[in-house]
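S.K.: From first to last, the protein sequence lines are chains A and B. The first sequence begins at 1 in the numbering used here and counts up one residue at a time. The second sequence begins at 1 in the numbering used here and counts up one residue at a time.
Rather than coming from a laboratory, the hints here were simulated on the basis of the structure. Do not rely on the hints blindly, as some may be mistaken.
[To be verified] Here are a few chain B residues that face chain A, going by a calculated C-beta distance under 8 Å:
1. Leu-21
2. Val-77
3. Trp-98
[Said to hold, decoys possible] Calculated from the model, a selection of chain A residues having no Cβ within reach of chain B, i.e. all distances over 12 Å:
4. Ala-286
5. Arg-353
6. Pro-441
Note that the Cβ used here is the ideal one computed from N, Cα and C, for glycine as well.
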Amino acid sequence: MQVVLPLLIPLLTALLAALAMPRPRLQRGLGQLGGVALVLSALWLLQGVMAQGRLSVILGGWPAPFGIELAADPLSAVLVMAAALLALAVRVYSDDHGSSEPTRLPLEQGVVAAAIAITLAADLFNLYVWFELMLMGVLGLLALGGGQRAAEATLKYFALSLLGTLLMLAAIGLIYGATGHLNFTALSQAARDPAIAPALPLYVGLLLAALLLKAGAFPLFAWLPASYHTLPLPLLALIGGLLTKVAAYVLLRLLGDVFVLTPAALLEGLGWLALATMISGVLGAAYHWDLRRILAFHIVSQIGYLLLGIALATSAAASATAFFLLHNILVKANLFLIIGLMILAAGHHDLRRIGGLYPGSVLLALLFFVNAFALVGVPPTTGFWGKFLILREAFEQGRYLWGGVALGVGLLTLYSMSKIWLEGFWKAHPDPERLNTAAIPLGGWLAVSGLTLLIVLIGLYPEPAIRFIDAGSAGFWPASSGGRP
Amino acid sequence: MNERLPLLTNAAGPLYWLLFLASLWVLFRGHNAPGGGFIGGLLAVAASSLLATVRGVAAARRRQWLAPVRLAAAGVVLALLSGLVAPLAGQPFLTHIWWGGLSTVLAFDLGVFLAVWGALTGYIYPLLEEEASPS
Numbered sequence: 001m002q003v004v005l006p007l008l009i010p011l012l013t014a015l016l017a018a019l020a021m022p023r024p025r026l027q028r029g030l031g032q033l034g035g036v037a038l039v040l041s042a043l044w045l046l047q048g049v050m051a052q053g054r055l056s057v058i059l060g061g062w063p064a065p066f067g068i069e070l071a072a073d074p075l076s077a078v079l080v081m082a083a084a085l086l087a088l089a090v091r092v093y094s095d096d097h098g099s100s101e102p103t104r105l106p107l108e109q110g111v112v113a114a115a116i117a118i119t120l121a122a123d124l125f126n127l128y129v130w131f132e133l134m135l136m137g138v139l140g141l142l143a144l145g146g147g148q149r150a151a152e153a154t155l156k157y158f159a160l161s162l163l164g165t166l167l168m169l170a171a172i173g174l175i176y177g178a179t180g181h182l183n184f185t186a187l188s189q190a191a192r193d194p195a196i197a198p199a200l201p202l203y204v205g206l207l208l209a210a211l212l213l214k215a216g217a218f219p220l221f222a223w224l225p226a227s228y229h230t231l232p233l234p235l236l237a238l239i240g241g242l243l244t245k246v247a248a249y250v251l252l253r254l255l256g257d258v259f260v261l262t263p264a265a266l267l268e269g270l271g272w273l274a275l276a277t278m279i280s281g282v283l284g285a286a287y288h289w290d291l292r293r294i295l296a297f298h299i300v301s302q303i304g305y306l307l308l309g310i311a312l313a314t315s316a317a318a319s320a321t322a323f324f325l326l327h328n329i330l331v332k333a334n335l336f337l338i339i340g341l342m343i344l345a346a347g348h349h350d351l352r353r354i355g356g357l358y359p360g361s362v363l364l365a366l367l368f369f370v371n372a373f374a375l376v377g378v379p380p381t382t383g384f385w386g387k388f389l390i391l392r393e394a395f396e397q398g399r400y401l402w403g404g405v406a407l408g409v410g411l412l413t414l415y416s417m418s419k420i421w422l423e424g425f426w427k428a429h430p431d432p433e434r435l436n437t438a439a440i441p442l443g444g445w446l447a448v449s450g451l452t453l454l455i456v457l458i459g460l461y462p463e464p465a466i467r468f469i470d471a472g473s474a475g476f477w478p479a480s481s482g483g484r485p
Numbered sequence: 001m002n003e004r005l006p007l008l009t010n011a012a013g014p015l016y017w018l019l020f021l022a023s024l025w026v027l028f029r030g031h032n033a034p035g036g037g038f039i040g041g042l043l044a045v046a047a048s049s050l051l052a053t054v055r056g057v058a059a060a061r062r063r064q065w066l067a068p069v070r071l072a073a074a075g076v077v078l079a080l081l082s083g084l085v086a087p088l089a090g091q092p093f094l095t096h097i098w099w100g101g102l103s104t105v106l107a108f109d110l111g112v113f114l115a116v117w118g119a120l121t122g123y124i125y126p127l128l129e130e131e132a133s134p135s
């Protein structure tokens with residue numbers, strides 16, 4: 001029950017919200033109730049995993065080859081917790097924004113349910129189904145914006161996601177044909193015996209390509225900034241915080257835990273791809289002036305760090321990647337919420353047309369400062385620990401170039417964060433009459449400060465989280481625990 | 001929508017009920033024999049779209065208790081709730097429980113029926129409405 005609840009609660013919230021469509025106030029109440037219940041259920045799951053280790057349930061109690069399994073180990077439990085907190089923050093944040101669109105809450109909760117289900121799924125086909133459902137929810141949310149720009153964004157997103165989905169389905173079909181299994185545990189046993197399926201690495205490579213497309217890796221990331229920036233900001237925070245991260249988590253899970261015998265050449269390629277992703281993302285961010293586009297490009301660059309952590313292929317690297325995931329989900333989403341407040345207060349999303357936010361609101365400046373530092377990786381923030389753990393692993397393996405590039409990308413991240421700081425906060429507002437910090441609603445303050453507090457706490461006391469995640473990733477890449485040659 | 005065959009116009013009412021009762025029969029029959037919620041739901045969609053074609057979408061909407069999207073949502077809620085009976089008895093989610101001839105599977109199937117009926121009529125009605133009022 002612990003494993004099923006974090007999936008059932010957002011699903012039921014979505015459905016009840018769809019039933020309550022003619023009554024906006026009831027819908028709002030349902031959204032808040034669902035948000036709190038989800039966080040509680042995620043806590044229960046976390047506590048269960050702490051006490052008993054890996055939890056799993058087979059739906060309907062069917063015997064092994066037929067049953068659909070959902071499972072939670074420390075890695076997935078942490079991810080579910082982060083997703084639940086993010087969903088609640090987005091709910092609190094948007095309540096004051098008059099989300100008058102009645103289909104928005106059902107779609108939003110549907111995306112949350114699908115993202116959580118992906119992290120809990122323990123078989124490939126289920127994974128695919130939930131990816132598909134997540135895609136549908138996001139498409140609905142993109143289309144809700146109306147107008148030509150939203151339609152264009154929807155179409156771009158649809159076209160590339162469809163390609164990814166088809167690749168994924170084809171890869172899953174081939175893997176099933178080769179091994180006769182879909183369940184992760186059964187697959188990992190089958191994958192250890194090369195005699196069963198000599199062509200398996202090829203199929204895994206195909207699956208890898210599909211997931212890289214969904215994660216927004218180089219050179220297939222173009223869809224991401226092009227489609228994301230038309231969304232309203234709380235939704236941008238939710239989608240930017242969850243979608244690509246979930247794909248990165250699945251990559252980590254499949255390569256490190258299920259198909260451990262992935263050939264070294266694939267991992268080597270993934271590492272170089274990670275560098276290209278990092279660099280192209282951060283350069284895109286440095287070039288742009290639209291707040292939303294800057295952060296959207298940073299999603300791409302952060303995905304590069306995650307891919308780097310996966311490519312290093314040891315259990316320590318897996319642990320570092322998982323911690324970085326937790327950090328990134330919270331910080332990236334929170335930064336999106338913060339620029340939402342900046343846009344509300346300063347009246348525009350183009351950095352050249354705003355300013356004066358520092359004397360305008362010291363609290364907002366402080367909140368931005370903390371989160372921007374966390375994104376850059378300044379100690380003692382969560383970003384520092386995340387990057388430190390990944391870089392240490394890279395240098396220990398003698399990957400000096402990989403580590404060095406990651407450090408350089410950190411500097412460029414600092415550049416675009418200081419651009420936001422100088423243009424948005426420091427310089428005077430070009431049109432002072434449009435600056436109105438009183439326009440920031442209470443819900444916005446609550447959501448952003450709550451998340452920031454959590455980020456600061458994890459940054460100051462990272463040990464419990466790191467130790468917990470370590471326990472979960474100990475089994476990753478069992479053959480290469482001493483470092484890859 | 002006005003110039004219709006008189007035969008079809010007059011037959012639509014009885015045909016609607018015939019199709020709808022058949023859809024229920026298929027739904028309940030599916031408990032122990034081929035049939036079930038999905039195919040029953042499709043038959044109900046056939047009944048509703050017949051009525052919508054002949055007498056207009058508004059008439060067909062009146063025969064459903066909820067708007068299509070809400071009907072579909074109610075169906076999925078019912079299906080999920082039927083799966084939640086088992087955890088109360090200490091069994092995994094979606095395990096189904098029988099009491100003689102009755103079971104939680106029936107509630108699940110009824111949920112599927114409503115979901116299919118609601119979702120597909122939700123697609124068909126707007127298309128028919130568009131056809132009825134050429135812009």
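S.K.: Please go over all the hints and tell whether each is borne out by the structure.
M.R.: Outcome of the hint check:
Annotation: interface hint on Leu-21 (chain B) violated; nearest CB of chain A at approximately 27 Å, more than 8 Å. Checking Val-77 (chain B) against chain A by beta carbon gives a least distance of about 5 Å; that is within 8 Å, so the hint holds. Annotation: Trp-98 (chain B) was flagged as interfacial toward chain A, and the flag is violated, the nearest CB pair being 14 Å apart, outside 8 Å. Every C-beta of chain B lies more than 12 Å from that of Ala-286 (chain A), the closest at about 44 Å, which supports listing it as non-interface.
The beta carbon of Arg-353 (chain A) sits about 39 Å from the closest Cβ of chain B, which is more than 12 Å, so the claim that it is off the interface holds. Separation of Pro-441 (chain A) from chain B is adequate, the least Cβ-Cβ distance of about 29 Å exceeding the 12 Å criterion.
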